[in-house]
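Peer 1: Chains as they are written, first to last, in the numbering used here: chain A, 1 to 723; chain B, 724 to 876.
FYI, nobody ran anything at the bench for these hints, they're computed from the structure. Source: prediction; values computed, not measured. Be aware that one or more of the hints could be misleading.
What the hints assert, rightly or not - In silico contact screen, one side only, chain B against chain A (beta carbon under 7 Å); selected entries:
no.	residue
1	Trp747
2	Cys767
3	Gln809
4	Cys820
5	Ala851
6	Arg856
For glycine and all other residues, C-beta sits at the position ideal for the given N, C-alpha and C.
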Amino acid sequence: MKFTRRNFLKISATAAGGLVIGFHMPSKAQAEGLASSTEINAWLSIDADNIVSIATPQTEMGQGAFTSVPMMVAEELDIPWENVRHVFADANRHVNNDNLYTTTSTGGSTTVSRRHPYIMQAGASARERLRQAAATRWDVPLDQVVAKQGMLSAGDKQGTYGQFAADAAAVTLDEEPKIKPYGDWWLLGTDVKRLDVALKTNGTAVFPIDVDVPGMVYAAVAACPVPEGRLVSFDFEAIKDMPGVIQAVELKQVKDTPSFTDLRSAVAVVAESWYQARNALSAMPVVWDFGRGASISYESQNAEALSLLAGTGTVLRNEEGNPGKDFDKGVNQDAVPGLLEAATKLVVGEVYSRPFEAHATMMPPAAVADVKEDRVDIWTFTQDIGRSLNEVADQLGRDTANVFLHQTYLGGGFGGGFNMDVHRQAAAISAAVGKPVKVIRSREEDIAGDSQRPPVWGTYKAALGEDGLPTALMTHFVGEEKMPNFARSSVANMPYLVPNRRHELSIIQNHVPIGYHRAPGANSNGFIIEQMADELAQAGNWDPLEWRLKLTEGNEPWQRVLLAMKEKSGWTTDTGKGEGMGLAVVESHGTIAGCVATVSVSRRGQIYVDRLQYFLNSGYVINPLNAIEQAESSAIWELSHAMFGGLDLREGRFVNTNFDSYPLLRMPDTPPVIEVELVNSEDQWWGGLGEPAGPPTPPAIANAIFYATGTRVRTTPFTKAAL
Amino acid sequence: MAISLNINGKDISIDADPQMPLLWAIREKAGLNGTKFGCGIAQCGACMVIIDGAAVRSCNTPVASAVGKAIRTIEGISENNDHPVQVAWQDLTVPQCGYCQSGQIMSAVALLERTPNPSDNEIDKSMAGNICRCGTYPRIRAAIHQAAKTAID
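Produce the entire structure from the sequences given, and follow the hints as far as they go.
Peer 2: In structure tokens form, the structure reads like this:
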């Protein structure tokens, strides 16, 4: 039995007595917490033993931010990775110092792709200050001072970064250094194990649900089972003598319709244990006003969408280019209806759709709040510590200076940590009972009231030329009112060069809160577009892979992925009975992700996904190991929804709100082979990697099912399809 | 009422409703937070513990039914995070968000104690009660094989 050295890295709190480097001069109040340390800015501190603590303002939900951010700083600082310690960034400092860390938002696969310039800059700036400090102390020209692997040297003089930390803190640079270009990296681009792995194998990683505060009580909460519905009354008398019960608290919604800047109308029962709180809440008579949602079901939404697709939608103008380059797709929207009418060979697509899906993070939303007269402490499920701190301050009418939101690990995020109000609930309940409170949502409460991924419907019409390729194409999608752009991602910017192309959008309304959901938009739309691509290829007698190669000619990032699929996947449409290969390529977050699926379908219609192969082009990759882990994760995320997902809405409420009725992928259903290859163009752009392997997964499997059975599956989950 | 439990080799006495799920006794009364709440209906396995050698979902096991039995939680499988299953999990960087992993590891430990060298099929069957939303299943499968090999070597 042996550990690797990295497993032994201690993930400790910032050691006082070091140098903390960032961009902004700290206030005196900030400096107080660091005792004898000399603080220059917020990202990193160096102690006397040359240990560097690097603060991460993004949250860690399994995607690796707590490793990626330190890697980017360490790359520029030039410090041995073994000397790096991760620390949580301080949300209070961020909020009260003009957004010290620029942003604490964690989503959209942006931590590396969008944030690297200023994060790397923090490390580069620190390194240059250390060099300047050494040049001054040694009285040598700056260009003779080398900073490398935690050591400063000039001729025969040598010292550690730690020995110059205090001096460096006083240095003001005339000019900020430029960050290193790709090619000069020594750490970025190598496989680095995530720093939080060992904490997650012995139960010591702390999630919001694990925070215990002395004197804490527990709360179970219930919002109206029909989203947007309001609390009318509740009968606390009926449950007040149940064991452990302390109090019931109404969570008052101020605004007429639910908003993420307000509490949602709900009621909480507070007790000495969560079990008691939950039991009492279940037993308490509660009257709800269900509101407008009570007449809405998935069936009614579906009927409305089909009716809209039979008509005309709003024409969307194509503004989005391909990653890394301006790519002229030769779009001519206005000519499309006439060309379709005059077509000699017209392909009319049927309607495709994807249902509502919940985040269903393994940790149900939970938060701990300790509201005192002069100070508020919060631990919560959030993908934006700064935003959540502001929300708590807003809820309580407190100055943000006195609100302290403490980062924990997150038990999954996937977008669910944005439109989240569990910390608002915890703060309101703690204020009402005058004690620290832990709020835990039951799984049913979580799924019923989640900010859901919205359903999408889509169809198309195309005219084919003599060569079998489309000469005109119209796509028409139905999206949902609150986030209509979800019906556009990866559709308006699809790469296929069709000379005349038009995308129409229609909108339906409902009462369901909507949120970001790992590769939002692209996850549903890729399913439709990439089956359309196969149908058009087949209608024109083209091999689906050759069709895609032809229609992306000159588009290097896509060609790279498609050619890798052609050369390495064993691609063929000539498979045995009941077996099929299918492919799909979808761009999201600046990364082009191709998936080749191999399936077999039994005579009784049982689908087996035997193999999934991924080819990803994200431009740069800073940690290939984590990139592959994230690709596996996002692939299985969408595999799960393709095979098992789908929330059912009846009379306004979601009826499948726990894992017995909302099943997710499990070990026996996981394909025996999932392979990921990074086929990067390099040196062109930074694509995100937390999400893009998801979207091509369902359409690749659906296309494979078609080759295996001759049947198209146009909605998910596939397990409900008749094959 | 007063209830005596043996958790990770230690006897503790708690005051609880005998019908309270063992999960909440472990978390709120014994203060061991490594065992997680996920669904409350024995579907996801986040609450998995080992009772007298068998993997059991603690979220719907009444605390009274665990009296007189040896309860093991994630905190009890090694002193130094170095059980072969934990080491394999670290080597193959299995955990992502990590929330389900205590339960996954407890299921894997129970499996390997019963079946020291499991096949893929046996792994799939034994691990079917644990959901991972991050989709770490392929790495879990590989890590169980590695742990089996380490333990046998």
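Peer 1: Next, verify each hint and record whether it holds.
Peer 2: Comparing the hints with the structure gives:
| no. | hint | verdict |
| --- | --- | --- |
| 1 | Trp747 | holds (5 Å) |
| 2 | Cys767 | holds (5 Å) |
| 3 | Gln809 | holds (4 Å) |
| 4 | Cys820 | holds (3 Å) |
| 5 | Ala851 | holds (5 Å) |
| 6 | Arg856 | holds (5 Å) |
Of the numbered hints stated above, none is contradicted by the structure.
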